[in-house]
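Asks: Residue strings, one per chain:
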Amino acid sequence: MKELTERAVETARLAGADYADARVLTIRDQEIYVQDLSPKAIHDVTDAGIGVRVLKDGAWGFASISRQDKRSAEKVAREAVTVAKASALTVGKDRVRLAPEPVHKDRFETKLQIDPFSIPIEDKLAMLLRINEIMLGVKGIVKTLANTRVTRRHQFFASTEGSAIETLITTVNAFYMATAVSKGDSQTRSFQDYPLNKGWEHIVGLKLVQNAQRIAEEAVAKLSAAYPTEGKMDLILDPTHLSLTIHESVGHATELDRVLGYEANFAGTSFVTLDKKADKFRYGSEIINFVADNTLAGGLASTGYDDDGVVCQLWDIIRNGIFKNYSSTREVAPLAGYKRSFGSARADSYLSMPINRIPNLCLKPANKSISPENLAADVKRGVWIEGRGSWSIDQRRLNFQFGGDLFYEIRNGKKTRMLRDVLYQSITPEFWGAVDSISGKKYWEPRGFRTCGKGEPMQVAQMTNGGPWIRVRGIRVSRGKK
Amino acid sequence: MNTDWLKQTIERVAKQKEAEEASLYLNIENENLSRFAENHITQNTTRHRIRLYITAVMGRRRGSAETSDVSSRGVLSALRRAEAAAKASPEDPEFIGLPRSQRYLKIERFFPQTTELSVDAKARVIREVTAEAASRKMKAAGIYRTGDYAVFVANTDGLFGEHRWTQAEFSITVRTENSAGSAVAEEEDLAAINPQALAIEAFRTAEMTRNPKEIKPGRYKTLFTARAFSEMMPFVVYQMDRRAADEGRSFFADKLGKKILSKKISLVADPQNPRNPGIPIDLYNDCVARKEAVFIQEGTLTNLWCMRYWAKKQRIPLVSPSFNFSMLGGSRSLDQMIKRIDRGLLVMHLWYIRYVNPMELIFTGTSRDGLFLVENGKIKCAVKNMRFNDSPMRFLRNPASLGIAERRGGAMMLPSVLVADFNWSSGTTF
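Chain order of the listed sequences is A and B.
So the first sequence is numbered by this note's numbering: it starts at 10 and just counts up by one.
So the second sequence is numbered by this note's numbering: it starts at 821 and just counts up by one.
One thing to keep in mind: the hints can contain errors.
Capping the alpha-carbon separation at 20 Å, the derived lysine-lysine pairs in PhoX-like fashion look like this [to be verified]:
1) Lys1036(B) <-> Lys241(A)
2) Lys1198(B) <-> Lys1033(B)
3) Lys192(A) <-> Lys1075(B)
Which bits of chain A does chain B cover? Going by a derived footprint, with three or more residues having C-beta under 8 Å, they are [stated by the list, open to error]:
4) 98-112
5) 120-132
6) 138-152
7) 190-198
8) 407-416
Derived from the structure by calculation, the hints contain no laboratory data.
For clarity, every value in this text was computed on a predicted model and none was experimentally measured.
In this text, a Cβ means the ideal position worked out from N, Cα and C, and glycines have one as well.
Work out the full structure, taking the sequences as your base and the hints as a guide.
Replies: Below you can see the structure in the form of structure tokens.
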């Protein structure tokens, strides 16, 4: 496969490319999905191909094919140059200049203890069916879903600059959900995605079967829970819930390509404009520290190198509440004055051109051993939120509204009765500015996503957005009901 | 790849299979998408994609495999992996066997001229519209996409079919320092798309949305353009699942046969609609033939989509799920609809719509690229974007007026809709 990348890059160079890189990628994906006691899908995917990206006269061209042979490599390399020449008709003075990156010749592999593909399908199915059986045994549950997904991406990257990088990335996750019905009403509760770049040992550690009864009982309990009182109040947010708030209001907002307008037609732009870097923009309270860490063990964006061939790094996004840096690719980094890319270029397939993606973006825990209960102790009136529910944010990443999966009322420092259909709405810097306490390291969790959508054509990416529990003061709460 | 290839492959699979039955689904895509932003092309992606899905059936056990390798060796390898998955699976009590031979509707959606547009020709169009944007001191972003697509389906019980189509899409968003406008069209026939006219529409909206004013969130009479309405309706159709309704976990539970919306509302999924054609194969339902389905007839819920197993179990007709649907509109243009507003809002485009409460079909989302205050039948000014929390199932019970239906998203035919009140729940800063 290494030879194919070299052949593609050399063909592109001979066809006139000023720069070229090639990715020869084979994806193995196994998804098992069970609905109630019915095994609905046992799907085993092998997807292999070549993608070649070139710069010609300062403009990009990209071509790809679902084949891995010499002729196909040469074909798409030449086609990419033709496409780049067309792009060049429009670039004028806006020529692409890539941030420099040392030449890398390396291999990176996800560290794992148990190869998830070595676990027999029978065992995975038995586990999922057992989970659903337990949940269906809870009175009031009418529907259950459970799935596991394991993926391996084996990629060879080469560029005209001389880099040659092999990566072998393994990702695992599991999910299940129960739906309860009573008197014309319905509620769901889920054991939510917890993907990591690890082996099957991660799935074993999740204690999926042991939690099934609780998840189903909570779904039933939600049916008779009270609706929240509407108005401004304090929130206690768990790491699963918070991962989505981080993702939407900080992760996407600090993608440099969005800031520069490259996503204006679809995913949107960002309020974190370039002037905010120089102006020391206050993004949150002083206790807010976000780091991007693509070296995080098990992190979904911990791939050794990104799809620009840039080594994975650790950098500050927000320090003591002040905005510090964006995520970047080699293309956009120089446009914000960076001398080197932070390494956030990702493509979801050999068919896709890499774009600026959210890194493993994590909120640092407090140094103290503050527990979630400690956070609630100082709340007179508030809501305790676990898990992810409804979510939406405007296209500049300011006005957002989130729901959750499980809610409790907090009265005079105590977590009390269960609530349902809670929503909260805020404006990004106001929300992060209202965070006045964060739990300790013991309560920090590396939650994340495998299905972050962005780009045209749409691509999905994966990243970890870890965090602790937080307390936020005075947020507008409403009920998701007529 | 062609019909002969499919015939030979299914015959070979029939001979090589250890399973009792097998099915194939081949998906081919040849596409170029030129993407522009900041008034120049920023990405230009050509892809030649091929995916073969094989399902192996052993009694009530089944497994599937997908491969991009469609050589004889690749197909055999995928077949063996599908069989291994089937062997590993317990019996599926809900599996009812593969469908027999189907008679697919003949629907013409392939336009050779769509495939003939070169990357150079696309770049010249983009250069023209971005130069115009620059001359207006605006920044343009968008895409120009063309492609040809095909699906081939077959099984060892005699099912055999194919469908080919083309698609072209041009979309553009233009921005000034404090405003934006956008426009989009997606059709099978490239000739039905006019990029320059779409660009002018986006320029005009961006001019009109300069210096938006802030207004108080609240309930406003609201006019949705066909585009904005089409961004909301797929979330309704997705929930129209017969099984979910029968199991009591859907808004539509106990509503079949009942009048749930205004008499003005009829919702039909007909792949043969000449103004809104669609794929004749139901890819969600083991590739059975799609037929016309009337979901809402003059306000009465007449059908919900229904999968094969549930149809058989409940002894009801199978209704294919589809996002290729149409709603009859009225005869008024958007300008005529605006004239009917004493005080209200006109929303051009919606963004990030999500369910808030699926049982009540309440959605949230925000306006984008154009929210206008209308007074006395005229647009008074642009206003800052707002978030909404409301249900189309509420406002479609009594819409004030429906405009002319337009094709949107290359699959939907929907009108603009004027509603008496809509809940804009909070504001944003731009």
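Asks: Each hint: holds or not?
Replies: Hint check results:
1. Restraint check: the Cα-Cα separation between lysine 1036(B) and lysine 241(A) comes to about 18 Å, which is no more than 20 Å; the hinted pair holds.
2. The suggested pairing of lysine 1198(B) with lysine 1033(B) holds, with an alpha-carbon distance near 16 Å, which does not exceed 20 Å.
3. Distance restraint check for lysine 192(A) and lysine 1075(B): the Cα-Cα separation of roughly 14 Å lies within the 20 Å cut-off, and the hinted pair is therefore satisfied.
4. A stretch counts as covered by a chain when three or more of its residues have a beta carbon under 8 Å from one of that chain; for the segment 98-112 of chain A and chain B the count is 5, and the coverage holds.
5. Only when three residues or more bring their CB closer than 8 Å to a CB of chain B does the claim for the segment 120-132 of chain A stand; here the count is 3, and the claim holds.
6. For the segment 138-152 of chain A, the stated coverage by chain B holds: 3 residues have a C-beta nearer than 8 Å to a C-beta of that chain, and at least 3 were required.
7. Using a Cβ-Cβ cut-off of 8 Å, 4 residues of the segment 190-198 of chain A lie near chain B, which meets the minimum of three, so the contact claim holds.
8. Counting residues of the segment 407-416 of chain A whose beta-carbon sits less than 8 Å from any beta-carbon of chain B gives 4, enough to reach three: the coverage restraint holds.
Against the hints set out earlier in the document, no violation occurs for any number.
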